[in-house]
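K.L.:
In case you want the letters, here they are:
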Amino acid sequence: MTDASLPAPSERRQHTSLIAPDARTRKRKAAEARFRMYGIAGIATGIFFLIVLLVSIVSSGAGAFQQTFINVPVYLDPAKLDKNGNRDPEEMSKVSTFGYSPLIQNALLNIVNEQSIETPLEKGGDMKALISASAAAQVRDVVLANPDLVGETVDFRILASSRVDGYLKDRVQREDVARDKNIDAEHLDLVDALLPVGVVEKTFNMAFITGADASESRAESAGIGVAMIGSFFMMLVVLVLSLPIGVAASIYLEEFAPKNRITDVIEVNIANLAAVPSIVFGILGLAVFIQFMHLPQSAPLVGGLVLTLMTLPTIIISTRASLKAVPPSIRDAALGVGASKMQAVFHHVLPLAAPGILTGTIIGLAQALGETAPLLLIGMVGFIASNAPDGLASGLLDPNSAMPAQIYEWAKRADPAFYERAWGGIIILLVFLITMNTIAVILRRRFERRW
Amino acid sequence: MSFTKLTTSALAIAAVSATAATARDQVQVAGSSTVLPYASIVAEAFGENFEFPTPVVESGGSSAGLKRFCQGVGTEHTDIANASRAIREKEIAACAENGVTDIIEVRIGYDGIVFASQFDGPEYTAFTPSDIFNALAPRVMVDGELKDNPYTMWSDFNADLPSEEILAFIPGTKHGTREVFEEKVVAAGCEATGAMEAMIAGGMSEDDAEDACLAVRVDGRSVDIDGDYTETLASIDANANAIGVFGLAFYENNTDSLKVATMSGVEPTTETISSGEYPVSRPLFFYIKKAHIGVIPGLKEFAEFFISDEIAGPDGPLANYGLVSDPELAETQAAVSGEQVMGGGS
Numbered sequence: 008m009t010d011a012s013l014p015a016p017s018e019r020r021q022h023t024s025l026i027a028p029d030a031r032t033r034k035r036k037a038a039e040a041r042f043r044m045y046g047i048a049g050i051a052t053g054i055f056f057l058i059v060l061l062v063s064i065v066s067s068g069a070g071a072f073q074q075t076f077i078n079v080p081v082y083l084d085p086a087k088l089d090k091n092g093n094r095d096p097e098e099m100s101k102v103s104t105f106g107y108s109p110l111i112q113n114a115l116l117n118i119v120n121e122q123s124i125e126t127p128l129e130k131g132g133d134m135k136a137l138i139s140a141s142a143a144a145q146v147r148d149v150v151l152a153n154p155d156l157v158g159e160t161v162d163f164r165i166l167a168s169s170r171v172d173g174y175l176k177d178r179v180q181r182e183d184v185a186r187d188k189n190i191d192a193e194h195l196d197l198v199d200a201l202l203p204v205g206v207v208e209k210t211f212n213m214a215f216i217t218g219a220d221a222s223e224s225r226a227e228s229a230g231i232g233v234a235m236i237g238s239f240f241m242m243l244v245v246l247v248l249s250l251p252i253g254v255a256a257s258i259y260l261e262e263f264a265p266k267n268r269i270t271d272v273i274e275v276n277i278a279n280l281a282a283v284p285s286i287v288f289g290i291l292g293l294a295v296f297i298q299f300m301h302l303p304q305s306a307p308l309v310g311g312l313v314l315t316l317m318t319l320p321t322i323i324i325s326t327r328a329s330l331k332a333v334p335p336s337i338r339d340a341a342l343g344v345g346a347s348k349m350q351a352v353f354h355h356v357l358p359l360a361a362p363g364i365l366t367g368t369i370i371g372l373a374q375a376l377g378e379t380a381p382l383l384l385i386g387m388v389g390f391i392a393s394n395a396p397d398g399l400a401s402g403l404l405d406p407n408s409a410m411p412a413q414i415y416e417w418a419k420r421a422d423p424a425f426y427e428r429a430w431g432g433i434i435i436l437l438v439f440l441i442t443m444n445t446i447a448v449i450l451r452r453r454f455e456r457r458w
Numbered sequence: 008m009s010f011t012k013l014t015t016s017a018l019a020i021a022a023v024s025a026t027a028a029t030a031r032d033q034v035q036v037a038g039s040s041t042v043l044p045y046a047s048i049v050a051e052a053f054g055e056n057f058e059f060p061t062p063v064v065e066s067g068g069s070s071a072g073l074k075r076f077c078q079g080v081g082t083e084h085t086d087i088a089n090a091s092r093a094i095r096e097k098e099i100a101a102c103a104e105n106g107v108t109d110i111i112e113v114r115i116g117y118d119g120i121v122f123a124s125q126f127d128g129p130e131y132t133a134f135t136p137s138d139i140f141n142a143l144a145p146r147v148m149v150d151g152e153l154k155d156n157p158y159t160m161w162s163d164f165n166a167d168l169p170s171e172e173i174l175a176f177i178p179g180t181k182h183g184t185r186e187v188f189e190e191k192v193v194a195a196g197c198e199a200t201g202a203m204e205a206m207i208a209g210g211m212s213e214d215d216a217e218d219a220c221l222a223v224r225v226d227g228r229s230v231d232i233d234g235d236y237t238e239t240l241a242s243i244d245a246n247a248n249a250i251g252v253f254g255l256a257f258y259e260n261n262t263d264s265l266k267v268a269t270m271s272g273v274e275p276t277t278e279t280i281s282s283g284e285y286p287v288s289r290p291l292f293f294y295i296k297k298a299h300i301g302v303i304p305g306l307k308e309f310a311e312f313f314i315s316d317e318i319a320g321p322d323g324p325l326a327n328y329g330l331v332s333d334p335e336l337a338e339t340q341a342a343v344s345g346e347q348v349m350g351g352g353s
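So the protein lines, in turn, are chains A and B.
The numbering used here puts the first residue of the first sequence at 8, with every later residue one more than the last.
The numbering used here puts the first residue of the second sequence at 8, with every later residue one more than the last.
Just so you know, the hints here were simulated from the structure itself, not pulled from any lab data.
Just to be clear, a hint being listed does not mean it is correct.
[Said to hold, decoys possible] In silico lysine-lysine, PhoX-like type, Cα no more than 20 Å apart, as pairs: (1) B:Lys266 x A:Lys188; (2) A:Lys101 x B:Lys307; (3) A:Lys188 x A:Lys135; (4) A:Lys266 x A:Lys188; (5) A:Lys176 x A:Lys130; (6) B:Lys97 x B:Lys154; (7) A:Lys419 x B:Lys181.
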């Protein structure tokens, strides 16, 4: 090149300085600034919606962690509960919960009279609107467990009805009560009067975290605890099945399998399986596990098996990725000093890939934990109020729900108190998911090695 | 993947063989979402008062529930189907094909169907079947002639109704409520407005005209809701001018946000429904697979408990929740304790 061929730039840039940018540079800089702004705007929008989401979840769901209780001493009338006077639990169990309700209503009426509260409600039956339908069962269980209590006055802490609870949480407004046949303004006046004397109180609701589902007539006693146990057993099945199967499959495919058409087809299919909508696995589970293999309906075992199918591709893909990330020199070195192929894999490659595998597994489990659609088809969504299972077998085989299924179920119910509980359930589910993802991040940060 | 599937199946089979002996010891119920609240209240009380485990109650609609019910006899199939309408001949035939022959029909009571709108919304306070037909049918009578439905406002055909855009959320076809809505409201309106006569005069056979009467318009003013009433409620909340179809019990739990309309001048309450004054009501049923009695522990006890006086009677928890109790409950109780199956056999 000669000067003659490149005279132009120096001539053209004669009047420009490096400090004052020319039009083209300004344009490029503006484009860059704009691009940054788009990025920041995008992130800001994302954060804004995240905050809106979290605020709405917490504000709608926080109420579920508080519940209204009534402290009332109940006289366990022998004439009603044990007519023969034998104190035989067998005989006393003939008195159903309907026989216990009047005792509790009268007990509450007694308190109202003792406190000399002015109220037009004079009959025991008028107290029904204040007391949860679960109270009778609570008292009955205590009496049947300790028959000797009959004839004594025992202090009980029973749940208030969902309308009373809603009133103390501002969910039930006085002006709406006129149209509500479940509760009257007089009842609310009574609640106001009983509140300062400590008969009615609103406290932390442990039963929401540990309890079982409840029917539509007693939203106040519904809890997510049993569904949580159902989720736990399902995750146990998923972990026990999908981790060994997934890791074994990916080690074989990655380290041992010959590269031919068959393994190519398998690889493509695993990638495709990861994209199959989860409801499809639910249909498969219904057809194979329940109708063909005759496994019990609504059992966490079946739920776990279905979710295993769903989680396997996720685990296989992430395991293969982390096996691939281990440099070939490690394998070569191991083989070079005389290790067998299997020794090379299990002594050297697998430990180095372990953090990646664990991360993938935890993320797969978190995904399975939040899954509802496949459970719809195998009978795990519905009114399932079984008590907490007492062992591994009953935990796996007795009907149970799962946390997301329970939330879905509550969101469908008529009483607005269930709606609050659905949000409360979301908070608990989110806590689990965030915990699991945090563990995955920590594991990756701590143990992952890069080459 | 074939390897993994093999392993999964092997493990599953192992699990089956381990559990074959324990089979199933809780009653399994599925069906109508209208009956679900009642069934869950009874299931809960049943679990509390008896030694048997609490039955599992699933929803999904009457048709879906009966379909599952009819799939066969055996512990992997449901024991009870809830339905908000009577079982159809076709379904009985489908049942029989799969070996489900002895079915016990149990009527638990009556339920009203109400038309409700947003509490602060327009004044939808009084409807007649003709109004609903004029608003929602694809072909209606205009000036004595059958024409494609030209109405966009309620006030277009009835000056007493507010001048608001027509928008209705009605139950989808898998719900038993839809059938009652069609029979007691749309078909009644079809006859009352004279559209049915016009169809027959136009060359349709009577059966075809009856079917044509049940159609709803498809231009987006009538929206099918396949989910539960909460979905209808959410749609009503989002559309101030809309009306929705609900069960009486659901409305009574949400009186703070819904306002109910009268039908032909009668307000829906448990009293007007049990007296028969309020026209849009229907019986609620559940169906028991007789072959499962004695196999599934507690099945018969659950059925008897369900219709006992203290549960389904006029002062029981079901009536409290919104069920209109059946005046002929005693006969139903006798039929269940005698295990009387449909079709007269025993």
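K.L.:
Is the straight-line distance between the alpha-carbon of Lys188 of chain A and that of Lys135 of chain A 20 Å or less?
P.N.:
12 Å, holds
K.L.:
Does Lys181 of chain B sit within 20 Å of Lys419 of chain A, going by the straight-line distance between their CA atoms?
P.N.:
Holds: Lys419 of chain A and Lys181 of chain B sit about 17 Å apart, inside 20 Å.
K.L.:
Does the alpha-carbon distance linking Lys266 of chain B and Lys188 of chain A stay inside the 20 Å limit?
P.N.:
14 Å, holds
K.L.:
With the threshold set at 20 Å, check whether the alpha-carbon distance from Lys97 of chain B to Lys154 of chain B stays at or below it.
P.N.:
34 Å, violated
K.L.:
Quickly compare the C-alpha distance for Lys266 of chain A and Lys188 of chain A to 20 Å and report which way the hint goes.
P.N.:
The given pair, whose Cα atoms are some 72 Å apart, is violated under the 20 Å limit.
K.L.:
Going straight from one Cα to the other, do Lys101 of chain A and Lys307 of chain B come out at no more than 20 Å?
P.N.:
With a Cα-Cα distance of about 18 Å, the restraint between Lys101 of chain A and Lys307 of chain B holds, given a limit of 20 Å.
K.L.:
Could you grab the alpha-carbon distance between Lys176 of chain A and Lys130 of chain A and see if it respects the 20 Å cut-off?
P.N.:
Given pair Lys176 of chain A, Lys130 of chain A is violated - Cα atoms ~27 Å apart, limit 20 Å.
When held up to the earlier numbered hints, the structure conflicts with 4, 5 and 6 and fits the remainder.
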